[in-house]
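Student: Below are the chains, spelled out letter by letter.
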Amino acid sequence: MSAPIELPKWADVSLVPILAVIVAFLIAGLVVLGIGESPVKATVLLIKGALGSGEGIGYTLYYATNFIFTGLAVAIAFHAGLFNIGGEGQATMGGLGAALVCLRLDFLPWYIVLPLAIMGAMAMGALWAFIPGYLQVKRGSHVVITTIMFNFLAATLVVYLLVNVIGKPGSMSPETRVFEASAHLPYLHEAFAFFGMTIPKSPLNLSFILALLASVFVWILVWHTRLGYAIRTVGHSPTAATYAGISIGRITMITMAMSGALAGLLAVNEILGVQGRLLLEFSSGYGFIGIAVALMGRAHPVGIILASILFGMLYQGGTELSFEMPRVTRDMIVAISGLVILFAGALDGLIRRPVAGVFARLLKKGA
Amino acid sequence: MPAIALTGIDKRFGEVRANSNVNLTVASGSVHGIVGENGAGKSTLMSILYGFYEADRGTIHIHGNEVRIRSPKEAIAVGIGMVHQHFMLVDPLSVIDNVMLGAEGGALLSKGEQHIRAALAKLGHDYGLDIDPDAIVGELPVGLQQRVEILKALVRGADILILDEPTAVLTPDEAEQLFALLRTLASQGKTVILITHKLHEIMAVTDHVSVMRRGEMVATLETAQTSPAQLADQMVGRHVLLDVSKGPAKLGPVRLSVDHLVIKDSHASLRVKDVSFDIRAGEILGLAGVAGNGQKELLEALAGIITPTLGRILLEGEDLSLVAPTPAERRVHGLLHIPEDRQRMGLVSAFSAAESMILGYQTDAEFGTGPLLSSSAIEAHTTKEMDLYDIRPRDASLKTAKFSGGNQQKIVLAREIEHHPKVLIVGQPTRGVDVGAIEFIHKRLIALRDAGVAILLVSVELDEIMSLSDRIIVMCGGVITGERTPETTNDRDLGLLMAGVTERAG
Chain W
1 MSAPIELPKW ADVSLVPILA VIVAFLIAGL VVLGIGESPV KATVLLIKGA
51 LGSGEGIGYT LYYATNFIFT GLAVAIAFHA GLFNIGGEGQ ATMGGLGAAL
101 VCLRLDFLPW YIVLPLAIMG AMAMGALWAF IPGYLQVKRG SHVVITTIMF
151 NFLAATLVVY LLVNVIGKPG SMSPETRVFE ASAHLPYLHE AFAFFGMTIP
201 KSPLNLSFIL ALLASVFVWI LVWHTRLGYA IRTVGHSPTA ATYAGISIGR
251 ITMITMAMSG ALAGLLAVNE ILGVQGRLLL EFSSGYGFIG IAVALMGRAH
301 PVGIILASIL FGMLYQGGTE LSFEMPRVTR DMIVAISGLV ILFAGALDGL
351 IRRPVAGVFA RLLKKGA
Chain S
1001 MPAIALTGID KRFGEVRANS NVNLTVASGS VHGIVGENGA GKSTLMSILY
1051 GFYEADRGTI HIHGNEVRIR SPKEAIAVGI GMVHQHFMLV DPLSVIDNVM
1101 LGAEGGALLS KGEQHIRAAL AKLGHDYGLD IDPDAIVGEL PVGLQQRVEI
1151 LKALVRGADI LILDEPTAVL TPDEAEQLFA LLRTLASQGK TVILITHKLH
1201 EIMAVTDHVS VMRRGEMVAT LETAQTSPAQ LADQMVGRHV LLDVSKGPAK
1251 LGPVRLSVDH LVIKDSHASL RVKDVSFDIR AGEILGLAGV AGNGQKELLE
1301 ALAGIITPTL GRILLEGEDL SLVAPTPAER RVHGLLHIPE DRQRMGLVSA
1351 FSAAESMILG YQTDAEFGTG PLLSSSAIEA HTTKEMDLYD IRPRDASLKT
1401 AKFSGGNQQK IVLAREIEHH PKVLIVGQPT RGVDVGAIEF IHKRLIALRD
1451 AGVAILLVSV ELDEIMSLSD RIIVMCGGVI TGERTPETTN DRDLGLLMAG
1501 VTERAG
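Protein chains in written order, with the numbering used here: chain W, 1 to 367; chain S, 1001 to 1506.
Don't read these hints as lab results, they were simulated from the structure. A few of these clues could be false.
Heads up, simulated DSS-like pairs for lysine-lysine below, C-alpha to C-alpha not over 27 Å straight-line [as the list claims (entries may be wrong)]: (1) 1443(S) to 1250(S); (2) 1402(S) to 9(W); (3) 1443(S) to 1384(S); (4) 1264(S) to 138(W); (5) 9(W) to 1399(S); (6) 1402(S) to 1384(S); (7) 1443(S) to 1422(S).
Let's have the full structure, built from the sequences with the hints guiding it.
Tutor: Below, the structure is given as structure tokens:
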């Protein structure tokens, strides 16, 4: 057994993640070197692609929106000591919830349809996480297992519904009809245009504002409400929670439902904001990367927003990079993301231990 | 030449000195008992001997040779085997597979299996350790599972065997068999170390006994020359009575009645067997006993954390299982609880002091409005309590884990006392607390009693029980073995009751 690693807070929240990203980039750089391209040039291209133009920034933030929702979903479950790996499935079901509302009610004006569709997305996401939570409390089946299984259930259920029930008649692809304009969440460039300002066009839409609001909500909930207190108590010490009269089962179910609702909001960005229809696999791995985002962001909304922007940059900059450097394929970008996840999440100790060692030595010298 | 000689062993965990300057000599071919309360440092010492931890200081000699033991593997290499309290067995595998695990002797099993089979047969013959090598371990009774653990150690060539609380999971019959086996092993030259806090086991099977208290080795005695009462005294420690001045109790009506309470733990073994007592307003009822004799379960049942199997708990005549089954509802009814495990139960070490200060009261109106908690209200409350109870450092935002034991305990104490208990259940209020804080805590408890609160004080510190209580009950093995008043009893008398000897001593 080794002594617990104590780091100053600033080092814990900033230095360690930043070093993790740097190490990941260095290793990715070796790979780029291996295929005969310049890592420095690749890095410059990546950052330029992500932040070098208004359009690039728009895309980066659009991707980041998805990561914020799924990152918050994972983080809130973390605080209750739960590991929700079902973000994918909950987002998929969120899409279904939003689509059902839109298909039925998109003849109504936007100020009725959009709130209902958002609620639909949250409700279905919440349901899809609540059931595993309920099963853990009542039947002892672990949420890690059940949320994974529920990912598959959500995927197959939506395929079935799109093919047989709510799909567009006569269409070759499994997707619904396009919703009416009243069910479209405005792009940010549209919103700005409404106020007479012009910003470059991108898929970035009002969901980004919703994601920031959700971050504030999670921050208030976790650290400034009685419920958040109960959630953190359960997460830190179930024994103390029992002593305090907090029902662990109730908190587990509530937290899972809230986690699922946050994951379900991903559909607001993708379905209501961009696609305007329900289609397959729109969650495309964001649910899983949310785990890395939450780990890297230390389960704090500010950290999650920063980590989300980093992953947004990797997605957007990576796309640009693969245009400019054809030998750096899309898969390379996935590999780089993977390395970041590996160093920020799984191999956290690899960075933390040497950093803690350096700090210990510095402190000794100071004393 | 002694089998084991430990000299000057020191081991710290952060601020806690788990072992300080421990010396221990164990004669070859003997059964040597080590007793002490939970947290006295027995397990740490054995973990050092078995290579789980390395001592900060001190030396280990095995059969006269100085050795360094850095891992269990090295411990096995010098002939030390350990039987853990919780078995390290793979249930679905057979006995022979379990014994072979880690000693397969190559990539293919057949050769190793032959070797182990022969070794098991020999051990069965030498020590009467018969067991079917092909039986599935999970299907064996617990006593035989333990035998598999012992065989594992012996097959690996152990001639020093450490058993950690081996009878905790055994029936009395199985325990008898185990003791017979230990005697056989010793008579054939093996050395056995038995860790326990059950004094009658020490008396029944050991040749020598060492007593540990608060990380120190306080005595090593020849078993034949000692008695359970003397050992209990040594374990609990006879300090100078802290001078607690208290007037006569002004008794009020009965506040809490415990009526034929029976508690089974999660393994369905009886922890509390038909316990009844009353506590009146304005009195402190002391509950003495060696740790692990049902006090913890009794406390948790009173607080509503666990549900008793049978019997009733009445608060001012109302059956609590009906009017207030949960800890939160009991708090509302004025039954407050200072748990004996403050680290895990009474506080959340990762929380700030302010957050720990509202544990259990997080729904109180004074700490926020509606669903929101007010950080400023909580911090103000905490700062006020910190002044009142002299909690240091006076930093409401400091992490709970960074406070010393005494100050952590004051946080719990302040929290519960300031919520105006009618009945206060206090578990080990001064465990791991420095002397100054002890005095403070005692004075607070007396002041509460004088204000008419009914207090149940559970402590393994006899001095504390003697100086604070108006009445004393003693638990041993889940039953109340006697009731006394401080004026009519003494340490020796209580020690005997704690050891389960119910005849009145002089």
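Student: Each hint needs a verdict: does it hold in this structure or not?
Tutor: Taking the hints in turn, this is what the structure says about them:
At roughly 17 Å between alpha-carbon atoms, residue 1443(S) and residue 1250(S) fall within 27 Å of each other, so this suggested pair holds. Straight-line distance between C-alpha atoms of residue 1402(S) and residue 9(W) comes to about 15 Å, which keeps the hinted pair within the 27 Å bound. Between the alpha carbons of residue 1443(S) and residue 1384(S) the distance comes to roughly 19 Å, so the proposed pair stays at or under 27 Å and holds. Taken as a hint, the residue 1264(S) and residue 138(W) pair is honoured in the structure, with Cα atoms around 22 Å apart against an allowance of 27 Å.
This hinted pair checks out: residue 9(W) and residue 1399(S) have alpha carbons roughly 12 Å apart, not beyond 27 Å. Distance hint between residue 1402(S) and residue 1384(S) is fulfilled; the C-alpha atoms sit about 19 Å from each other, no more than 27 Å. Pair hint residue 1443(S) plus residue 1422(S) holds up; C-alpha atoms about 18 Å apart against a cutoff of 27 Å.
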